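**Q** Sequence:
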Amino acid sequence: MSPEYKMKASLKLIMILAGILICQPVFSQDNGLRLKEIFKDAFYIGTAISYRQASGEEQQAWPLLEKHFNSITSENMMKWGPIHPEPDRYNFVSADQFVELGKKMNAFIIGHTLVWHQQTPKWVYQNEMGESLMKEALLERMEKHIETLVGRYKGQVHGWDVVNEVFEDDGSYRESEWYQITGRDYIFKAFQKVHEMDPEAELYYNDYNLWKPEKREAAIALAQELRKKGLRVDGIGMQGHYMLDSPPVEMIEASIIAISNAGFKVMVTELDVDVLPRPRANEGADLNKNYALDEKFNPYTTGLSESIADKFAKRYTDIFSVFLKHQDKISRITFWGLHDGASWLNNWPVRGRTNYPLLFDRNFKGKEEVIQSISPSKF
Numbered sequence: 001m002s003p004e005y006k007m008k009a010s011l012k013l014i015m016i017l018a019g020i021l022i023c024q025p026v027f028s029q030d031n032g033l034r035l036k037e038i039f040k041d042a043f044y045i046g047t048a049i050s051y052r053q054a055s056g057e058e059q060q061a062w063p064l065l066e067k068h069f070n071s072i073t074s075e076n077m078m079k080w081g082p083i084h085p086e087p088d089r090y091n092f093v094s095a096d097q098f099v100e101l102g103k104k105m106n107a108f109i110i111g112h113t114l115v116w117h118q119q120t121p122k123w124v125y126q127n128e129m130g131e132s133l134m135k136e137a138l139l140e141r142m143e144k145h146i147e148t149l150v151g152r153y154k155g156q157v158h159g160w161d162v163v164n165e166v167f168e169d170d171g172s173y174r175e176s177e178w179y180q181i182t183g184r185d186y187i188f189k190a191f192q193k194v195h196e197m198d199p200e201a202e203l204y205y206n207d208y209n210l211w212k213p214e215k216r217e218a219a220i221a222l223a224q225e226l227r228k229k230g231l232r233v234d235g236i237g238m239q240g241h242y243m244l245d246s247p248p249v250e251m252i253e254a255s256i257i258a259i260s261n262a263g264f265k266v267m268v269t270e271l272d273v274d275v276l277p278r279p280r281a282n283e284g285a286d287l288n289k290n291y292a293l294d295e296k297f298n299p300y301t302t303g304l305s306e307s308i309a310d311k312f313a314k315r316y317t318d319i320f321s322v323f324l325k326h327q328d329k330i331s332r333i334t335f336w337g338l339h340d341g342a343s344w345l346n347n348w349p350v351r352g353r354t355n356y357p358l359l360f361d362r363n364f365k366g367k368e369e370v371i372q373s374i375s376p377s378k379f
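Here the UniProt record's numbering is used: the first residue of the sequence shown is 1, the next is one more, and so on.
Any given hint might turn out to be false.
[To be verified] List of simulated lysine-lysine pairs, DSS-like, C-alpha gap at most 30 angstroms:
1) K228 <-> K212
2) K378 <-> K265
3) K228 <-> K40
4) K67 <-> K189
5) K193 <-> K144
6) K189 <-> K212
7) K40 <-> K122
8) K365 <-> K215
9) K189 <-> K36
10) K314 <-> K378
11) K122 <-> K154
12) K365 <-> K311
13) K314 <-> K103
14) K212 <-> K103
15) K329 <-> K265
16) K40 <-> K296
17) K135 <-> K122
18) K215 <-> K135
19) K296 <-> K265
20) K228 <-> K67
21) K103 <-> K135
These are computed hints drawn from the structure, not numbers from a lab. From a predicted model like this one, the values you see are computed outputs, not experimental measurements.
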């Protein structure tokens with residue numbers, strides 16, 4: 001082979017490689033573009049953090065977090081049960097790790113959640129004899145819990161989901177033990193106490209299915225009442241637990257507009273898109289509902305079919321078209337999990353399934369077609 005031929009072959013190879021690189025999708029995992037930079041002029045891009053991610057055990061998570069996200073939310077580690085399992089015992093290890101991770105990322109840190117009817121130990125509502133507490137005793141216990149947590153992370157956690165999911169879908173108050181014992185006073189006292197402990201932190205009310213008009217209006221009315229009482233409430237978190245064909249994006253948009261028009265920040269707090277069939281047509285996020293595993297509810301164990309993958313990409317495109325249209329009203333979009341393997345939807349409402357609801361797969365690779373489709377440049 002002559003030197004001239006070798007040179008021509010080398011030049012041809014270089015040109016081929018250059019062409020390949022030029023044609024690569026702009027969101028390739030190997031380039032420098034990041035979700036948080038793509039949306040920097042729109043809103044924070046966040047994700048929920050698991051125990052394994054906070055501790056560093058899931059080593060592949062940290063580079064992905066640092067590259068793509070500028071906000072993080074504690075998925076479970078700050079809920080009452082995990083962090084305060086017994087009356088005189090707190091477990092701060094994972095929560096401390098979570099906060100330190102946020103500091104390393106220079107992220108907007110969200111504490112989730114201080115008062116909720118789920119994942120709250122029975123002892124919280126009972127005295128030493130197992131009898132229900134009186135109203136004042138329960139409120140005092142709640143305030144002490146808030147004082148301890150918010151006091152510990154004062155100036156470090158930037159926003160708190162103070163109270164979570166107090167409404168039924170029809171807008172009526174949930175008959176939780178909090179409500180049965182204290183009425184609505186626990187809500188007012190919780191917001192008051194958090195602000196006392198950290199006056200600089202943003203405070204939110206958070207709930208699912210706020211695309212439903214009755215529930216949305218109830219949440220807005222509650223937030224307005226809080227302000228009338230002189231209490232701080234900055235925004236309303238719309239949990240974005242959506243499915244491939246529900247809810248209509250027009251209803252999501254209507255709630256964004258209504259919340260903003262009422263004078264509150266909007267944040268989409270728990271975004272994912274469930275691609276799997278459900279035993280019932282239930283678009284909620286009620287952890288009390290769980291069904292036995294059946295193969296017909298777990299059809300994509302080795303990957304999505306092409307038609308479902310296309311529907312998934314289109315669904316995210318349609319949702320983000322609304323978010324970007326109203327970016328002046330939205331302060332944060334938080335995905336509920338970093339990657340498909342870490343999603344709660346693998347176990348709800350049916351345990352042991354294989355779901356694909358997020359922008360990154362189980363191998364920590366971005367779903368480039370979907371990510372490209374939601375870029376502001378596409379709209």
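**Q** Against each hint, give a clear statement of whether it holds in the structure.
**A** Okay, the hints, checked on the actual structure:
1. K228 <-> K212: 24 angstroms, holds
2. K378 <-> K265: 25 angstroms, holds
3. K228 <-> K40: 33 angstroms, violated
4. K67 <-> K189: 39 angstroms, violated
5. K193 <-> K144: 9 angstroms, holds
6. K189 <-> K212: Satisfied, since the Cα-Cα distance of roughly 27 angstroms is no more than 30 angstroms.
7. K40 <-> K122: The given pair, whose Cα atoms are some 43 angstroms apart, is violated under the 30 angstroms limit.
8. K365 <-> K215: 36 angstroms, violated
9. K189 <-> K36: Distance of about 35 angstroms is beyond 30 angstroms: violated.
10. K314 <-> K378: 13 angstroms, holds
11. K122 <-> K154: It holds: about 27 angstroms lies between the C-alpha atoms, which stays within 30 angstroms.
12. K365 <-> K311: 19 angstroms, holds
13. K314 <-> K103: 35 angstroms, violated
14. K212 <-> K103: 36 angstroms, violated
15. K329 <-> K265: 6 angstroms, holds
16. K40 <-> K296: 41 angstroms, violated
17. K135 <-> K122: Given pair K135, K122 holds - Cα atoms ~15 angstroms apart, limit 30 angstroms.
18. K215 <-> K135: Holds, at about 26 angstroms.
19. K296 <-> K265: Answer violated: K296 to K265 is near 40 angstroms, above 30 angstroms.
20. K228 <-> K67: 41 angstroms, violated
21. K103 <-> K135: Since the Cα atoms of K103 and K135 sit roughly 38 angstroms apart, the hinted pair is violated (cutoff 30 angstroms).
Comparing the model with each earlier hint shows violations of hints 3, 4, 7, 8, 9, 13, 14, 16, 19, 20, 21; every other hint is respected.
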